[in-house]
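Novice: Chains as they are written, first to last, in my numbering: chain S, 1 to 414; chain L, 415 to 705.
Hint data in this document are derived by calculation from the structure and do not stem from the laboratory.
Treat the hints with care, since some could be wrong.
Mimicking DSS-like on lysine-lysine, the simulated pairs with C-alpha atoms at most 27 Å apart in a straight line are [claimed, not checked]:
#1 S/Lys399 / S/Lys60
#2 S/Lys193 / S/Lys218
#3 L/Lys527 / S/Lys313
#4 S/Lys317 / L/Lys527
#5 S/Lys142 / S/Lys123
#6 S/Lys88 / S/Lys60
#7 S/Lys60 / L/Lys527
#8 S/Lys123 / S/Lys317
#9 L/Lys527 / S/Lys86
#10 S/Lys86 / S/Lys142
#11 S/Lys142 / S/Lys359
#12 S/Lys359 / S/Lys313
#13 S/Lys307 / L/Lys692
#14 S/Lys269 / L/Lys584
#15 S/Lys72 / S/Lys123
#16 S/Lys218 / S/Lys195
#17 S/Lys116 / S/Lys88
#18 S/Lys244 / S/Lys218
So you can see what is in the structure, the chains are spelled out below.
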Amino acid sequence: MKKTLLAALIGMTVMFGFNAAGYCEVGVTDTEIHIGQWGPQTGPAAAWGAVARGTDAYFKWINANGGIHGRKLVHHFFDDAYNPAKTKAGVKQLQEQTGIFAWVSGVGTAPGLAVKEYLLERKIPWVGPSSGSRHWVDPPEKTIFNVYPLYLGDAQILTEYAITKLGKKKIAIVYQNDDYGRQGLEGAEFVMKEKGMALVASVPAAVTDTDMKPHVMKLKQSEADAVLLFVTPGGVARLIGTGKAMQFEPQWLSTTTCGDFPLMMAITKGLYKGVISASFGMGQPTGNIGELQSSDAPALDLLATYKEEVYDKYASKDERWGYTFSTGIGLSEPLVEALKRCGRDLTREKLVQELEGLKDFKGLMGRITYAPFDPEDPMCRIGQNEIYLQECMDGGQSKILTDWQETEYIPSGE
Amino acid sequence: MIDLMQMIISGIAVGSSYALMGLGMVLIYKSSAVPNFVQGEMALLPVFIAYMIIDTYGYPVHVAFAGALAFAVLLGCFLEFAIVRRAKEPNVIGLIIITIGMEMALLGLVSWKFGADQRTMPFPISSYDSVMVGGLYISTLDLLTLTVALVLMTGLFLFFRFTKFGVAMKATQQNEAVARLMGIRTRRVKMMTWGISAMVGTVAGLLIAPTIIEPYMMWDPLLKGFAGAVVGGMTSLPGAVFGAYIVGIIEHLFGGYVSIEFKSVVAFAVIVIVLCVKPSGLFARHYVKKV
Numbered sequence: 001m002k003k004t005l006l007a008a009l010i011g012m013t014v015m016f017g018f019n020a021a022g023y024c025e026v027g028v029t030d031t032e033i034h035i036g037q038w039g040p041q042t043g044p045a046a047a048w049g050a051v052a053r054g055t056d057a058y059f060k061w062i063n064a065n066g067g068i069h070g071r072k073l074v075h076h077f078f079d080d081a082y083n084p085a086k087t088k089a090g091v092k093q094l095q096e097q098t099g100i101f102a103w104v105s106g107v108g109t110a111p112g113l114a115v116k117e118y119l120l121e122r123k124i125p126w127v128g129p130s131s132g133s134r135h136w137v138d139p140p141e142k143t144i145f146n147v148y149p150l151y152l153g154d155a156q157i158l159t160e161y162a163i164t165k166l167g168k169k170k171i172a173i174v175y176q177n178d179d180y181g182r183q184g185l186e187g188a189e190f191v192m193k194e195k196g197m198a199l200v201a202s203v204p205a206a207v208t209d210t211d212m213k214p215h216v217m218k219l220k221q222s223e224a225d226a227v228l229l230f231v232t233p234g235g236v237a238r239l240i241g242t243g244k245a246m247q248f249e250p251q252w253l254s255t256t257t258c259g260d261f262p263l264m265m266a267i268t269k270g271l272y273k274g275v276i277s278a279s280f281g282m283g284q285p286t287g288n289i290g291e292l293q294s295s296d297a298p299a300l301d302l303l304a305t306y307k308e309e310v311y312d313k314y315a316s317k318d319e320r321w322g323y324t325f326s327t328g329i330g331l332s333e334p335l336v337e338a339l340k341r342c343g344r345d346l347t348r349e350k351l352v353q354e355l356e357g358l359k360d361f362k363g364l365m366g367r368i369t370y371a372p373f374d375p376e377d378p379m380c381r382i383g384q385n386e387i388y389l390q391e392c393m394d395g396g397q398s399k400i401l402t403d404w405q406e407t408e409y410i411p412s413g414e
Numbered sequence: 415m416i417d418l419m420q421m422i423i424s425g426i427a428v429g430s431s432y433a434l435m436g437l438g439m440v441l442i443y444k445s446s447a448v449p450n451f452v453q454g455e456m457a458l459l460p461v462f463i464a465y466m467i468i469d470t471y472g473y474p475v476h477v478a479f480a481g482a483l484a485f486a487v488l489l490g491c492f493l494e495f496a497i498v499r500r501a502k503e504p505n506v507i508g509l510i511i512i513t514i515g516m517e518m519a520l521l522g523l524v525s526w527k528f529g530a531d532q533r534t535m536p537f538p539i540s541s542y543d544s545v546m547v548g549g550l551y552i553s554t555l556d557l558l559t560l561t562v563a564l565v566l567m568t569g570l571f572l573f574f575r576f577t578k579f580g581v582a583m584k585a586t587q588q589n590e591a592v593a594r595l596m597g598i599r600t601r602r603v604k605m606m607t608w609g610i611s612a613m614v615g616t617v618a619g620l621l622i623a624p625t626i627i628e629p630y631m632m633w634d635p636l637l638k639g640f641a642g643a644v645v646g647g648m649t650s651l652p653g654a655v656f657g658a659y660i661v662g663i664i665e666h667l668f669g670g671y672v673s674i675e676f677k678s679v680v681a682f683a684v685i686v687i688v689l690c691v692k693p694s695g696l697f698a699r700h701y702v703k704k705v
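So that you can see chain L by itself, here it is in the shape it has in the complex:
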């Protein structure tokens, strides 16, 4: 029983970073209708910038992290403004290819500038300390990630519900043409969505970085975050979060009771099952166009 509880807790712990990546992807999917494969690298570059600020310029961690988050917003806005927006009559396939192209370019830039050596980010909390409660353990870094994920989700919920800009974003996501007719500057809104999405992803990246930084560090969280978002529903923010936690828990239960060898692919099997049974995801409303 204690093993089962431990697996569930560990699944929730790892699901938090998937959830943050999934949130970032859903934000962009809702505004631009594109599965954003550059999400991981939009976080990777700011994480390396934070590392550079600490390692090369000797600034404290909180300054570096604030700098990285600000850079992430600018990077997201820049990618939307300079590249995605320029696509002529874009269809989904074209946009996916654009995001993959940007992913490769940013990954190449990071590999070239910072090299491939593995390193760790200085961080106030040790990634290897833990809290034990009744024989169950959770690492302090996982606990922090979980807290940050929940706070960020609540923040996004309040932002979309109560701020003017948040409502404008929702309006743009629901019907761009009408939103524009209502006087919303939809292109600017979309650009900011990319900026916010990059920032959310960067939060995940900064919380992964205390363990190991390397150019490929965001690949696994991106794929699992994507899996979580598909499971929960690509158009639902809470769905992406719950989906990510489901993926984390299933992974751990599968690794514990069935096969540890195939643990990392189980997320994709879950995607297939969900797409067959409920294609819009477990938590998203299924929109049907009425003619």
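Isolated chain S (complex conformation):
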């Protein structure tokens, strides 16, 4: 009799125990939501490690304010050193041993591509890959939601601005010989073709190139009066510096990845002043064209809140407040918003549904819109496709040059 009672008791405990948890979705418990992220904390791309640390501080702030519908966000982020093999191993380990509900951000095209298929096969949502590659929307996938504006768009808006507003006739580009640079080249060529023009020089550069004299020589020979720079911040600093030494000083234009003006001013020893770059947010362009803005005294109320509430309270003391750190917050906002909209009843399917329902969602970045999944329409997963232009001024301040500009999506192979 005793044994029967004990068995019944165990059975009931197990039954109610499961009921108490109430969820069979991986990575979700009654009190926690497990979110994964990779990001280089060491290695050649470690400067972008602040993206993951920004997300981490943001999640801590959310948890301190009660979490999401009574659940805390448990952020699992690991250092992949920008090495796709490590990204794959780390994602697999966390997914299979810890159980991750959804992945957020994740720096780099190559590391992202290494795990894309793995996440797709398991239908695990991945929001906001931290690179502006077309791979995230072409073809569109049900569970991948892009947030970062595509590099193609940066190139379009910058080229257009150089020709129409600055009156430049000879446009050249230095592009990193990888996905980032080549898509920049493609975007620039697209606009030039539309205008019946051609680039006067397109100069490839390797990530490891530290000597930029041959590149600048080619640019100088082409007599370019405006040069687009689709390389890393260090590469940009070397190109502009070598240009100055070789007395070649065109209008330099750069991408969102080099939009952290205080950093760029520091590493170029002030030569970045006057450089025009694309930006995907962290400023308030609408109604403020011609105005000077700074991330230290944010014009955007939300950015000011994050600086005070997230950065000041939850970032480590060595952390620098800037574009990279706040990008980690901006890329995670759509996920957090969708989690809030899901309510208590949280499943991956519901998360995807709520993400698809985001229309003109406005956080730190430009407006973000998704649509119900259509395998023929990349726009249903593109998220943000507007940027604005800014010019670097003294002290790393941003002079707002344009309002938000919508970019045109260029399908691959065109």
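Given the coordinates of chain S, assemble chain L onto it according to the supplied hints.
Specialist: Below, chain L alone, put in the same frame as chain S:
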């Protein structure tokens, strides 16, 4: 024609930092018979120390640089004394793995302590000013690097030729057992070789630092310096220097006339060609053991 001249001058300019790295590698190769892959990081840590002395403690540049060079000597000696010397019956492969291990440890230490953000070293000469002569340009920093490289090479030549310690080093490099029998404290000599090598590398690092400091800054100069040393001959100091200049010039000519995309790998193609045609390097004597 002016483009060709410019490419050659730019090649020589960039070759100077390769030459300093190559010199450091050859010094160690001659004494320990190991291609030293920690050469870059033996310079990296002192460069960051110099940056810390300036940025955190506010000392002037010359004090920081002197401190960094002294630290480099100590670091080189320490690595030889504490790690390389402890290897039991070392063979070349074992020693190479030890140097790679030390490289990873020092790189990790720098990344952990100083972070990955890019910065620049305060320096009296702007890295972006230049001297123009008849339409040809050379940046003032490159000019300084070239001068320092030549002075250092001359200094090393005189050191090996005319000082007692330099001769002891040469003797140790040529035949360690006999040198020991002659009363030379060969282990101490080897340790000092590592110290001097680290100092030479640090000079290169300090001259690269005014452009950008980051944990991976010594990787490219190390590989190109190694390429230069192989081209010139791993056992020849002048060979390493000339090899490095050859690599710099070929890189620039290749980038200018053939393909800028593959400019950075051309150095390694040159290594392969030299190893096939003259394995001991262009400037080294080919020793053949007589039985």
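Novice: Hint by hint, say whether it matches the structure.
Specialist: Now for the hints, and whether the structure bears them out:
Simply put, S/Lys399 and S/Lys60 have alpha-carbon atoms about 33 Å apart, too far for the 27 Å limit, and the pair is violated. For the given pair, S/Lys193 sits about 22 Å from S/Lys218 by alpha-carbon distance, which is consistent with the 27 Å threshold. Between L/Lys527 and S/Lys313 the alpha-carbon distance is near 22 Å, which keeps this suggested pair within the 27 Å criterion. Taking the CA atoms of S/Lys317 and L/Lys527, the gap is near 13 Å; set against the 27 Å cutoff, the hint holds.
With a CA separation close to 8 Å, the supplied pair S/Lys142 and S/Lys123 stays within the 27 Å bound. A threshold of 27 Å between alpha carbons decides the hint, and for S/Lys88 with S/Lys60 the separation of about 26 Å falls inside it, so the pair holds. For the hint pairing S/Lys60 with L/Lys527, the CA-to-CA distance comes to about 25 Å; that is within 27 Å, so the pair holds. Using a Cα cut-off of 27 Å, the hinted pair S/Lys123 and S/Lys317 is violated, with the two alpha carbons roughly 38 Å apart.
A hinted pair counts as satisfied when its Cα atoms are at most 27 Å apart, and L/Lys527 with S/Lys86 qualifies at roughly 23 Å. Between the alpha carbons of S/Lys86 and S/Lys142 the distance comes to roughly 25 Å, so the proposed pair stays at or under 27 Å and holds. Distance hint between S/Lys142 and S/Lys359 is fulfilled; the C-alpha atoms sit about 17 Å from each other, no more than 27 Å. Our distance criterion of 27 Å between C-alpha atoms is broken by S/Lys359 and S/Lys313, whose separation comes to about 31 Å.
A distance of roughly 62 Å separates the Cα atoms of S/Lys307 and L/Lys692; the hinted pair therefore is violated under the 27 Å criterion. Taking the CA atoms of S/Lys269 and L/Lys584, the gap is near 44 Å; set against the 27 Å cutoff, the hint is violated. As the CA atoms of S/Lys72 and S/Lys123 are separated by approximately 23 Å, the hinted pair is consistent with the 27 Å bound. Distance restraint check for S/Lys218 and S/Lys195: the Cα-Cα separation of roughly 24 Å lies within the 27 Å cut-off, and the hinted pair is therefore satisfied.
At roughly 9 Å between alpha-carbon atoms, S/Lys116 and S/Lys88 fall within 27 Å of each other, so this suggested pair holds. Under the criterion of a C-alpha separation no larger than 27 Å, the hint pairing S/Lys244 with S/Lys218 is consistent with the structure, at around 14 Å.
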